[in-house]
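Asks: Chain by chain, the residues run as shown.
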Amino acid sequence: MTLSEGFLWLLIGVSLVTLLPRVLPMVLITKFGMPEWLLRFLQYVPIAVMTALLVQAVLTEGESFIPLMENVNLLALIPTLIVAIATRSLLFTVITGIGAMFLLQLFGL
Amino acid sequence: MPLERLTFWGGVKDCIPTLLGYLSIGFAAGVVGAAEGLSVLEIGLMSVFLYAGSAQFIVAGMMSAGSSILSIIVTVFFVNLRHLLLSAALAPMFRQYSAKKNFILGAQLTDETFGVAINRLTPNTTHRDQWMLGMNITAQINWVLATLVGAWFGTWIPNPQQFGLGFALPAMFAGLVVQSLIHRKKFRTDLIVAGSTIVYFVLAFLWLPGHIAVIAAAVAAAITGMVVER
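Protein chains in written order, with my numbering: chain A, 3 to 111; chain B, 52 to 281.
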């Protein structure tokens, strides 16, 4: 149970820059309201952000694309998406994803 | 239409489907953190105060690579900038509550709790603050426990990726995308938004770092949605 030197400053810094984007819109927008065009824009933000995060997680490694022919993520994604659509359950979706990846790696892909 | 009264325990219950995601990703984050040389205490403190999976992976990785404190903070800032969009998208549902209450509810916002909340909260529901608090607390308790257990295991699992745990995060995102696609009534427009996001991200990623490309692609795709819905 140790704290390395500087870790506390780092922790305060990263916690603050994470906290601010999380709370500012909730605190400010609820006070001042929003124009209609912004509301229309925002209704598409969730699906867009989720899709972008998914694409980043599946297609990239660090700051480069994983070569398509070597991308095991895409193979694991197939059963994951099928189960997600069939069950609409996050639980089964995540289990399927982890299990598929485990099997793919087991067979050396 | 009658109003549906949400409760704290309803929030706890609606959080349950995401728990395995938290447990596996938290476990992975703990294992990786320990493997990169962080102590169990440091990993626990991060889960309590930072509470952001991708950021915790980044902190562990950059610390062991010897990056400066400032460069780690700037990177985490960009990675979590997307929360601005998530928080803003949820805000209309919390208009009636005080700034103090919304500060507390927003502080525990994550990609996953957002995914659950945006599907569950409608103008037809009341007591959303209680529901949100129940879900938030459940999610974070599980996250903290999972990372701590992972940190302990980290000392004797040399390669966590080989058990498929690395795919927990993408699988979770896939599940959330499918849920929001199926849930809403604007299926055609949503599908166009999701499809264009893929194209925008690939293009943006050719020029921009990954975390900026995510924001750029999401903004462009949401604008595309506004344009095609007419």
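None of these hints come from the bench; they were simulated from the model. Given the structure is predicted, the values throughout are model-derived calculations rather than measurements. Some hints here could point you the wrong way.
[What the hints assert, rightly or not] Ranges of calculated distance between the beta carbons of each label pair, as one might list FRET restraints: (1) B/G246 / A/T89: 18 to 26 Å; (2) B/S119 / A/E63: 18 to 26 Å; (3) A/L93 / B/R56: 31 to 39 Å; (4) B/V99 / A/R42: 17 to 25 Å.
Note that CB positions come from ideal geometry on N, CA and C, so glycine has one too.
Asks: Do the beta carbons of B/V99 and A/R42 sit within 17 to 25 Å of each other?
Replies: 37 Å, violated
Asks: Could you say whether the range 18 to 26 Å given as a hint is met by the Cβ separation of B/G246 and A/T89?
Replies: 23 Å, holds
Asks: Taking 18 to 26 Å as the stated bounds, is the beta-carbon spacing between B/S119 and A/E63 within them?
Replies: Hint holds: Cβ distance 24 Å, inside 18 to 26 Å.
Asks: Measuring from beta carbon to beta carbon, are A/L93 and B/R56 in 31 to 39 Å?
Replies: 26 Å, violated
Violation of the numbered hints given earlier is confined to hints 3, 4; the remaining hints are satisfied by the structure.
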